[in-house]
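There are 2 protein chains.
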Amino acid sequence: MTLESPVQDSLAARLTQRLGPRGVLLQAAERAPYEASARHAGGRARGVLRPADAQELAWTLKELVTAGAHVVTQGAATGLVGGATPTTDGSQWVLSTQRLRDVLSIDPVNRSATVAAGFRLSELNRAAAEHGLSLPIDLGADPTLGGMVATNTGGARLIRFGGARENLLGVEAVLAHPAGQRVGSSRALRKNNTGLDWAQLLCGTFGAFGVVTRATVRLHSIQQQSATALVAVDSVEAAIEMVCDLEQAMGEFVSAFEGLSRGALQAVARHQGGVLPFADVPAYAVLMEVSSAVPPGCGLDLEAMLMAWLEQHLAQGRIVDAVIDKPAQLWRIRHAISEAVQSLGRMVAFDLSVARSAFAPFRARALSLIDELLPAASVCDFGHLGDGGVHLNMVVPQDTPADAIGRLRDAIYDAVVREFGGSFSAEHGVGPYNQAYYHRCSEPAMQAMAGVLQRQLDTARVLGNVWLGEAGI
Amino acid sequence: MTLESPVQDSLAARLTQRLGPRGVLLQAAERAPYEASARHAGGRARGVLRPADAQELAWTLKELVTAGAHVVTQGAATGLVGGATPTTDGSQWVLSTQRLRDVLSIDPVNRSATVAAGFRLSELNRAAAEHGLSLPIDLGADPTLGGMVATNTGGARLIRFGGARENLLGVEAVLAHPAGQRVGSSRALRKNNTGLDWAQLLCGTFGAFGVVTRATVRLHSIQQQSATALVAVDSVEAAIEMVCDLEQAMGEFVSAFEGLSRGALQAVARHQGGVLPFADVPAYAVLMEVSSAVPPGCGLDLEAMLMAWLEQHLAQGRIVDAVIDKPAQLWRIRHAISEAVQSLGRMVAFDLSVARSAFAPFRARALSLIDELLPAASVCDFGHLGDGGVHLNMVVPQDTPADAIGRLRDAIYDAVVREFGGSFSAEHGVGPYNQAYYHRCSEPAMQAMAGVLQRQLDTARVLGNVWLGEAGI
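Line order of the protein sequences matches chains E and L.
According to my numbering, the stretch in the first sequence is residues 1 to 473, in order.
According to my numbering, the stretch in the second sequence is residues 1 to 473, in order.
Worth flagging that the hints you see were computed from the coordinates, not collected in a lab.
Beta carbons: idealized from backbone N, C-alpha and C, even for Gly.
Errors might be hidden in some of the hints.
Said to hold, decoys possible - Reference excerpt, derived from the structure (chain E facing chain L, CB under 8 Å, subset only):
| hint | residue |
| --- | --- |
| 1 | 166 |
| 2 | 177 |
| 3 | 180 |
| 4 | 181 |
| 5 | 192 |
| 6 | 195 |
| 7 | 245 |
| 8 | 299 |
| 9 | 357 |
| 10 | 426 |
| 11 | 428 |
| 12 | 429 |
| 13 | 432 |
| 14 | 435 |
| 15 | 455 |
| 16 | 459 |
Whenever a hint applies, use it, and build me the whole structure from the sequences.
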């Protein structure tokens, strides 16, 4: 059957009749924005479907399943593992949730929000801010709520507020089997212990189990004061010791603890000039943030507390240097890393995590693997050190052969998962770009179980571009 | 086949041969402690099996499945819905996880613990305390870690620290199908976004999907200061307004916000004499606690902050009276309620939750239903008001017919679930005592899905005494 076969054309006609011209985009120029990928090469879609609400989406999915079509769900397409990008062969429909915008409802008394899948995080937070509330998931992108649930977004403030999973109270979704079946609930309950938690099943399974149409999330008080410091230390070990100390002294206030390697700092310095506040680039640095919902002048002065803590550590020689500055100034350095590293040449990126206690030995092992397998690489690692996450990114010569990069990737994934009990995907998730490593690194019994679920919930294998079951089955 | 048939006897012999006399308890006197139930009538077990480790447990479960035996998993049997109690017909084996005690390992740098299923919460917390850490799930019982995962325990400090689900990093378990298959992981990762979260599937499904053998949980700093107040208000509405105000002013410090109705306060006063610090029993009272991991003398004085906040509210006439006292004094009142209510006569208990914004209207509706259907009942409700939970307990005359109580229960469950979007089981979970209401109140599509999973993971229907699928299927 060719792509333009009569069967597909009659499907397109039926879809257009129900969804209207705004709901079905078939021309290349219209499709193009939905075919791009945030980090990798784009794909090609059979067409883009934009149902206007959950009911239309359910109808659409039923039609697609009945026709044996294939579909990839897409929110804002900001993910970094290709989970929302159609394949390159033009066989998949993109099912966009962008127009699911019928509900954005804040319950300030309950500190929760119920949000249609198509709203962006920034839109939710603008509405929540009117009530002094926020969903404090802090990432480099502005995903839709549907995408956040499907990919279980993490970010820089997970150490304090949790990620998508921890803030999810309820999810509504549409299933591929039974085709178009609507399930789930928007009950905004913090306590509801009545069996299988359907929201948790849909969170972080990348659309393979169903299409998220609505999410209910908990909200937190907007922080009324914060203090941020960039601290230079002489080793990763010292940084790990520091996070324990800081949590002991500042407890619940710690809202970010980001690690910045010498390589990452050098990249920023080179890319942005005199932005670093240190005379010499230190061996390692940490961006620490403490914050509170308690307004200043009510008996809590976090800047004074952090200052005292840093002075004590400086006096004890446990840190090399420290700068307290406006948060925006210091976060700018952290946020500049990704672009700075990419500006240096060809970037190879990793998104790993280990227990904090394993961080220093794992990093040493990874550096020695890089030294052995790709000695020309320049490592610029950084990440969410407080929660054990590390983006072990590096710049490699443009002409580095793909198989050399592949060998290094294999070795590092094996080390992090098998030697150090870590994860090959800390926060970006499993998409086509991690599929092979998922099969290789995840527990076989769990893959088997996930496959059973996926076959059950998507009998015709219509949804998405990841397969959570065992490889080749 | 009778209970003492040769097939069963040969099973008992095989089990005894492998597990030894400590591992197989067949005599009535030995079985008795495992047949009791914390709140309801006990059951009768075919025998009690106490494997010494996960490997023995896996072997045991395989034997049981092969023999077509039935089994109910039991930790400390402290649950309130009968989930760990064998049926009364003597057909079920109790599979005790008490002897799974091979690992209790604290990682202070990672702030996590990996714990074999048989350890009690208090044992974990004693070990964690040596590192200044704690799993701050606060309940009236001392469950095992395995039981906490299976029942997704909540408690009084969920508002601040979350319950079992939010603190769970990993779970190891044994499946009934494939029989004796060990799955899961103890990786102590805060970020691990690699597909289906197996731990979340086992949490709160009451042993129906597998037997938990080990859990990895996050730990929190032990609180170094706290301030507690008992506050009298003139209505439930005022209490709800107060929790919003308190969270606005005290943000992340709020660690408990418990509601105590006039009936509950009267019960305590009658049961314990002059324990109430108020001259008159108020219409409603709140026990509020703020706490911090920051030690006193480091720039934070929570008692002073709470005092100032209460004075302001007193001056504004928004609260009737307030007492700041030693936490133990005030918590004693809260903890006395359950026993005090039971001492007044025959107790009928509910474990409900709603969004906080629906709390006052739901309570009014419930009181009017009680007035209509069981006017002789004396309501003594209390609960975790901060997270929307309410134990709508009442005392009824000893001779109240069971069907009158049943009609009231039906009406209240319908109201909370259908009119107010709440839950019929906020934290106690689904056990035999909630089974009928599970079928009646839970979404049919979700029950269907849970049934598919349960059939897949327990093909022979060997495990536990709850059925999460649709009724009658």
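Outcome of the hint check:
no., hint, result
1, 166, "6 Å, holds"
2, 177, "10 Å, violated"
3, 180, "12 Å, violated"
4, 181, "6 Å, holds"
5, 192, "4 Å, holds"
6, 195, "5 Å, holds"
7, 245, "11 Å, violated"
8, 299, "5 Å, holds"
9, 357, "4 Å, holds"
10, 426, "4 Å, holds"
11, 428, "7 Å, holds"
12, 429, "5 Å, holds"
13, 432, "14 Å, violated"
14, 435, "10 Å, violated"
15, 455, "10 Å, violated"
16, 459, "11 Å, violated"
Comparing the model with each earlier hint shows violations of hints 2, 3, 7, 13, 14, 15, 16; every other hint is respected.
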